[in-house]
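Quick mapping for you: the protein sequence lines, in order, are chains S and G. Going letter by letter, the first sequence gives residues 1 to 314 in this note's numbering. Going letter by letter, the second sequence gives residues 1001 to 1361 in this note's numbering.
I should point out that these hints are in silico values taken from the structure, not numbers from a laboratory. Even glycine gets a Cβ: it sits at the ideal position worked out from N, Cα and C. Each hint should be verified, as a subset may be incorrect.
Calculated lysine-lysine pairs in the DSBU-like style (CA-CA distance at most 35 Å, straight line) [to be verified]: (1) Lys234/S - Lys1330/G; (2) Lys287/S - Lys1330/G; (3) Lys142/S - Lys234/S; (4) Lys172/S - Lys1231/G.
Counterexamples of contact, computed for chain G against chain S with all Cβ distances above 10 Å [unchecked claim]: (5) Val1210; (6) Leu1272; (7) Phe1328.
Residues per chain are reported as follows:
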Amino acid sequence: MKKIIIAAGLTSLMSTTAMAQNIGVSMALFDDNFLTVLRNGIEETAGQRDGVDVQIEDAQNDVARQLDQINNFVASGVDAIIVNPVDTSATQAMTDAASDAGVPLVFVNREPINVDTLPDNQAFVASNEIESGTLETFEVCKMLRAQGLGNGAKAYVLMGELSNQAAVQRTKDVEDILGIDMCSFIEVVDQQTANWSREQANSLMTNWLASGEEFHAVIANNDEMALGAIQAMKSAGISMDAVVVGGVDATQDALAAMQAGDLDVTVFQNAGGQGTGALDAAIALSKGEPVDQKVYIPFELVTPDNMANYMTQN
Amino acid sequence: MADQTSHGIGGLSYDTSKRTWPNEANVFIALVLLILGFEALGQILPYMDNQSMLLDFESTRDGTILNMARIRIVILQVAIIGIISLGVTQVIISGGIDLSSGPLVGAAAMIVMSFAQTELVNGQLNPKAVFGDWAFDLPIIAPILVGLAFGAFIGAINGSLIAFTGIPPFIATLGMFLICRGISQWWTKGQPVSFPSDQFAAIGSGMMPVVWFALLAIVLALIMKFTVYGKHTYAIGSNEDAARMSGINVKRHKVMVYMIASMLAAFAAIVLSSKNLTAQAGMGQFYELYAIAMAVIGGVSLRGGRGSILGTVLGAMVFGVIQSGFTFIKLDAFYQLMAMGAIIIGAVVLDQYRQRQSSLR
């Protein structure tokens, strides 16, 4: 009797496998707030599409683990794979693993290095990281000018994890913007990493405040660190009207801080939209339907003027 | 010389004149040397304009000669991990190790914050609400009790596994490390939990983390020095068999040691989430290692039986001085990590050397 039940169970399992679209997803990191929104976007969309099952794995920021996950997906015969690459320069091996097995692959959120040579059954959906830091820093620059500091202003820069592509790119964006004539009046007092973390940014900012140096802006690679810096400045009794603070991500916490007048600039990246776009591309590819191989979803600047549009987005 | 010889446990005799230099004094000297080193760099490095790290000669900011802002942050930035390291210290003294404290902080923070949320944020409904209406603005005791109970639960599992199945503490707490990471991500599927009530936010605001750290350090130091609990912990760490034969209930005691450690880690999570006004699944990363490192720098021996809470507090201060010192001289974080690694290794090498010296006497 037991055997019959097990056999029946197995058959039903196998039959669902045959009917449903099974899509394997390898995320770079579960612990990341932004990537969590993206992940939820994939899951929610999967729930809305008929007969689509997603299995989501955490690569824990480990390139080797991610490649293993892709090979495991291939081995278990998924219909398509979505990869949020840990390291954008290590994507060729993933492309090869999937294309050798004839499994469609979609890269999401981070642009793979081999984006121009992707096989026909692979695609990528992402935002162009150069936009985020550029939009943020340029707005900070304009705000400082508007405050009449066009003859000289000082800023601290909070960097994300140094091994992370987005942190490196956004910091370079800051340097590039401060290099143009209109914004070269801004001098960076110091730039340090706070590893994307609110707690670490709070400590770092408090350390900076202890040196007593004058400054007018804090430019952070993400919102969490901007919020940490804001908490540190508030504890030290600094008026948030006197400092321009910028972040990236437009998280709920950040928008609440903007509403309270503490945060001045953030940048919205449509995480849910990227998740939905990636899943739809994966479904289409697995059915052999044609898709756009490169889908760019633009970053959007968020300031107190337009923040109302973003309150329910991330 | 005869009158300078004392008799210790088990008929061991030692020369009292050679025992007057406590290990904590070494850590303290290292701390002072570090501070002097950074002060010297502040004077020598050309881009530093002869700044001082801990002094403020013009008394511009606090009206005192001390740069109080810097002194405060030196302690504040290590206070929360310091609370964890107090618990870890007694685990290590008992001859064990606890690798699960960092992920426990993450998991406990997520759970605690779900019971500490406020209803209205800037006049609108809390966008990060985890539960329904009933969980908004609960009395502050609710999240605290939930957190401590969770800590006690995890600690009881750790302790029971180690005491009753006999698996090494390293393995038991390594397993719990992964379990707690999983719990913290599963609780809200990775979504951060934010916007606590004002009362909850007060637990970790301003210098409160330091107050908690100091209070708990004093309590733990007294317990370890003057109570039966403390004496049994040292006895088990020095020689477990001897402790068992002398009638100590070793198994029950170990469960208590791990429960106290995990409850301290859970309390650290309460302070941390309150200070940051948010709880996130990735919180507490590497805290277990920093907590162990603080204890080790403070002279707590990984072989068990030796060390003190005072040593660990000084070890935490060493961490704080390094962290602030490197920001003070504007050196990047990677040099900071390298220096910390070197200091941890150096501290243990020195300690081994000292132990060998004293056993040769």
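When you look at the beta carbon of Leu1272/G, is every beta carbon of chain S farther off than 10 Å? 7 Å, violated
Could you let me know if the closest chain S CB is still more than 10 Å away from the CB of Val1210/G? 12 Å, holds
Against the 35 Å threshold, does the CA-CA distance of Lys287/S and Lys1330/G hold or violate the hint? Status violated; Cα separation ~55 Å.
Given the hinted pair Lys234/S and Lys1330/G, is their Cα-Cα distance within 35 Å? Holds, because 23 Å separates the two Cα atoms, which is no more than 35 Å.
Quick one, are Lys172/S and Lys1231/G close enough, alpha carbons at most 35 Å? 57 Å, violated
Run the C-beta distances from Phe1328/G to all of chain S and say if the shortest one exceeds 10 Å. 7 Å, violated
Starting from Lys142/S, check that the Cα of Lys234/S is at most 35 Å away, please. 24 Å, holds
When each numbered hint is compared with the structure, violations occur for hints 2, 4, 6 and 7.
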